[in-house]
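Visitor: What follows is each chain in one-letter form.
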Amino acid sequence: MFAGVALAFSQIPTYLIERHGLNRRIYHRGGEDEIQFLLGDRERVLPVWFEGQLQILPWGLPRSYRSTLPSTAWTWRSTVEEGGWNALEPQLVCIPARMGLDRGVWFRIREGVRGLVVHDESGQPVVYVLVEPATHYYRIMTRSDWMPCLVGEAI
Amino acid sequence: MSQEGVESQATTILESVIVYKLCCGGRGLPARGLALAAMPPTKAIGHLDADCFYVSAERVRDGFLKGKPVGVLGNQGACVIAKSYEMKAAGVKTGEPIWEAIQKCPDGIYVKRDFRWYEVLSQRLLDAMHHFSPEVEYYSIDEFFFRAVPLPGRTLQQTAEAMRDHLLHTVGVPVTVGIGRSKTLAKLISDTAKPFGALALLEREDERRLLRRMPVTEISGIAARRAATLAAYGIRTCLELADAQRSLVTQVITATGEAIWWELNGEPITPLHTQRPPHKMLSRGGSIGKATADRQRVWGFVVRNLERLIEGLEFHRVWAGALTLLLQYDDGLESGVQEELLTPTMRFDLLLDALKRGFERVWLPGLRVSRMHLIASQLRRPGFVQRGLFEPPEEPARRLAQLKREINEQLGRFALRSGATLTLNDIYRDQEQGYDICDIRGKICF
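Protein chains in written order, with my numbering: chain A, 1 to 155; chain B, 156 to 601.
Hint data in this document are derived by calculation from the structure and do not stem from the laboratory. Glycine residues also receive a C-beta, built at the ideal position from the N, C-alpha and C atoms. One or more hints might be untrue.
Unchecked claim - Here chain B is said to cover these stretches of chain A; the calculated rule only asks that three of the stretch's residues, wherever they fall, bring their Cβ under 8 Å from a Cβ of chain B:
1) 18 to 31
2) 79 to 86
3) 97 to 110
To be verified - Here are some of the chain B residues that sit facing chain A, going by a computed Cβ distance under 7 Å:
4) LYS221
5) GLY222
6) GLN231
7) ALA233
8) LYS445
9) ARG584
Chain A on its own, in the form it takes in the complex (with noise of 0.2 Å):
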């Protein structure tokens, strides 16, 4: 299951950490800092390229979340390509990311993980992550049967 991403802390702005708290996900493991964005958090939420800045968006919606959106955090990309969730005229976009998690497994991302962008009913956007099928590679890395799809890469 895919569980996060992590950045550098130089590619998020001052002016972002602060309107929204970002210092205390940061985490050290050695070199620069980094800030995580899991799906554990209490406030789940993804860094998005978004209307051309960098904006931090709700990660999909909890189940206890009443609301017409899914209440998920990921979505097919063979859905979003079947016209799926076109009634709610979705915005694909770029989640950043140096890192990212599976199953206890950090892994380095390039450049980013796609991602589709929706408004709820209060006209704010919402985020899920775009996932296929594992490649065969990563079913090994993670054990997951699913994985991100990543901006420019394969894994």
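Please arrange chain B on chain A, whose structure you already have, making use of the hints.
Guide: Relative to the frame of chain A, chain B by itself:
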């Protein structure tokens, strides 16, 4: 030493080399050759070893990984084939399955291997080394031996340090340099100086202090079995091996052991190979990923490996007189066959015909293939080949091969490939699957 300090020192060394070149005059000669030609001859041998090379190579193009625990995974994503010192400190070992590694090092970052990139950096290291030495042996992708020549006005110790700093500055890869009186000593010296070390030891007493604390298994060519044999004679350390009677060493571990004995005593026996000796055989293959009993998919891998093998034959300008196909099944069974060719060749159609015959003999229906090897042997230079009477016409095949080569050079490796490999589109979509360690040319050691 700080990065700034390293760069400053590297710049000074470069200036020193340039000034030396200018002082020597000599127009018309390549500057590098000029400077080196004027350097005093030396018997000292150097060994340069890149520190955790695959990880360092990843850090060259992704600075975010610096200072973090990083593991490079092999073809299948299952095992750690290289690790950073940070990950090593957490107890992760090379070859360890990723599922054990993440228990020991949950903060580890795992990266897919990219041998094409590692070769690019390896060649850059080789090029940079030629600024310091007239004779460099490309031993493996991350190890080099070289004739150690002191820079003007510098000792060999200072030269080793300059070389190390220069390579970090110009290539971005941290290395360790050891200099000694033989290849074996140089390698042992660099092993003790890691990481990012530089050490020249040329006095016998210094050598003896080093050898005294090193087990014989530190020597290339002495593994557990030979070590056990030596231990029966009370020989456990490198110094004990060096001090043993030569005749005893020869008797116990044969001529290889004698060569090591001489080298440990400062007599260089193994020459520097500045050019790779001609191949006796070429091979391509390895794991095919998920084991499969699908005949078409296995045949696709056979043809894929044949195309890779022909690249090797073309590069080394040799023709194959025989082809061996080995299939390994996931229950441990192996089947293999050698097909003799009518005449040595590198033609795809003739080699494919031979493989088709061989495949029928080694294919075991219902069993899942996990690995394969394709080996070209009885290699001949094209000019020394007796032509056959019944070969199909050469010219159309030659022109087709030429066209294929040109298209792939322009559009990318495997842009044009055999239709038999269409069952492997998932493999070809992944760029990093396209280049393996055995595709790296010129190294002496596999």
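Visitor: Each hint: holds or not?
Guide: Comparing the hints with the structure gives:
With 3 residues bearing a CB less than 8 Å from a CB of chain B, the stretch 18 to 31 of chain A meets the requirement of three and the coverage assertion stands. Under the rule that three or more residues need a Cβ within less than 8 Å of chain B, the assignment of the stretch 79 to 86 of chain A is violated, with 0 such residues. Figure legend: the stretch 97 to 110 of chain A, annotated as covered by chain B; annotation consistent (8 residues with Cβ-Cβ distances under 8 Å, at least 3 required). At a threshold of 7 Å, the smallest CB-CB gap from B/LYS221 to chain A is about 5 Å, leaving the interface hint in force.
At about 3 Å, the closest approach between the beta carbon of B/GLY222 and any beta carbon in chain A falls short of 7 Å, and the interface hint on this residue holds. The closest approach between the C-beta of B/GLN231 and any C-beta of chain A is roughly 5 Å, which is under the 7 Å cut-off, so the hint is satisfied. At its closest, the beta carbon of B/ALA233 sits 5 Å from a beta carbon of chain A; the interface hint therefore holds under the 7 Å criterion. For B/LYS445, the interface hint holds, the least distance from its beta-carbon to any beta-carbon of chain A being 5 Å, beneath 7 Å.
Annotation: B/ARG584 was flagged as interfacial toward chain A, and the flag holds, the nearest CB pair being 6 Å apart, inside 7 Å.
Hint violations for this structure: number 2 only, all remaining hints satisfied.
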